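Here are the chains, one letter per residue:
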Amino acid sequence: MHWLIEFTLFTVMIVAALVALGLRNLLAAVVTLNIFSFMVASTMVSLGAIDVAFTEAVVGAGAVGVFNIVAILLTSRKSLD
Amino acid sequence: MTPTRVDACHIEGMKSQTDSPIIHVCARGLAPVILIIGLYVFFHGHYSPGGGFQGGVLLAASFLLLRMTLGTQISQLVMPSRLTITLSAIGALIFAGTGLVAIFAGGNFLDYGFLPVPWFDPAYLRNYAILFIELGVTLTVMATLVSIYDDLLEA
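Heads up: the protein sequence lines correspond to chains A and B, in order. First residue of the first sequence? That's 1 in the numbering used here, and the numbers climb one at a time after it. First residue of the second sequence? That's 1001 in the numbering used here, and the numbers climb one at a time after it.
Hints in this document: simulated from the structure, not taken from any laboratory. Model, not experiment: these values are computed from the prediction. Misleading hints may appear alongside valid ones.
Label pairs and their in silico Cβ distance ranges [unchecked claim]:
(1) B:D1019 with A:I5: 37 to 45 Å
(2) B:G1097 with A:L47: 35 to 43 Å
(3) A:T8 with B:A1105: 49 to 57 Å
(4) B:A1105 with A:S79: 34 to 42 Å
(5) B:F1120 with A:M1: 28 to 36 Å
(6) B:D1019 with A:G22: 27 to 35 Å
(7) B:N1108 with A:K78: 35 to 43 Å
(8) A:K78 with B:A1105: 54 to 62 Å
(9) A:L47 with B:R1082: 37 to 45 Å
(10) A:F67 with B:F1120: 38 to 46 Å
(11) B:G1097 with A:V45: 34 to 42 Å
Ideal Cβ positions, reconstructed from N, Cα and C, are used throughout, including at glycine.
Produce the entire structure from the sequences given, and follow the hints as far as they go.
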């Protein structure tokens, strides 16, 4: 039963990473990267590393997302390539 | 610089990203809760998951939420921009200063048992000195993240 949870987490993580690479809208890409980061944190909880999961959730899904959004607001919303 | 009227929507020259009152009310309600959770994580850091770094990032997230929704100018009331670098230096000074005091008292770097606080049992001294170290880490992380945000907006 436990492998099912981890399999779902890994699937959503990999799909979110691939979608974030392919998106043209950079704001949507940042939100997808936050989903990826949250899935990494959930995987760490499932592996029993609560402290690593806490750091990943706070930094990866919180502070880095804010800084990426500010960088997008200062440059452009669309990717050029 | 201090606005007399704390109504975020109608101040000239304010760098606010939105004028929606729903987002303003939600951010104002959410920011103190994040602040309390950050303090909880900081104070329970030495015997449960969490600690100085995570608590500092949570405190910074509360200030960054206010800065993103209400604008940079009005959130100077909560966390002034001119204080951030000073607070970060004070935090690093607390961390390194505690270690250096332990060296001068005869121990190794950050050897809490050698700190010259005579009215504490050495076990309690180690317990509370870890909390003091975490205070420095929290201050530095919080102030540095807010300072990075301010510098990004000024660029």
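Taking each numbered hint in turn, which are not upheld by the structure, reported in ascending numerical order?
4, 5 and 7
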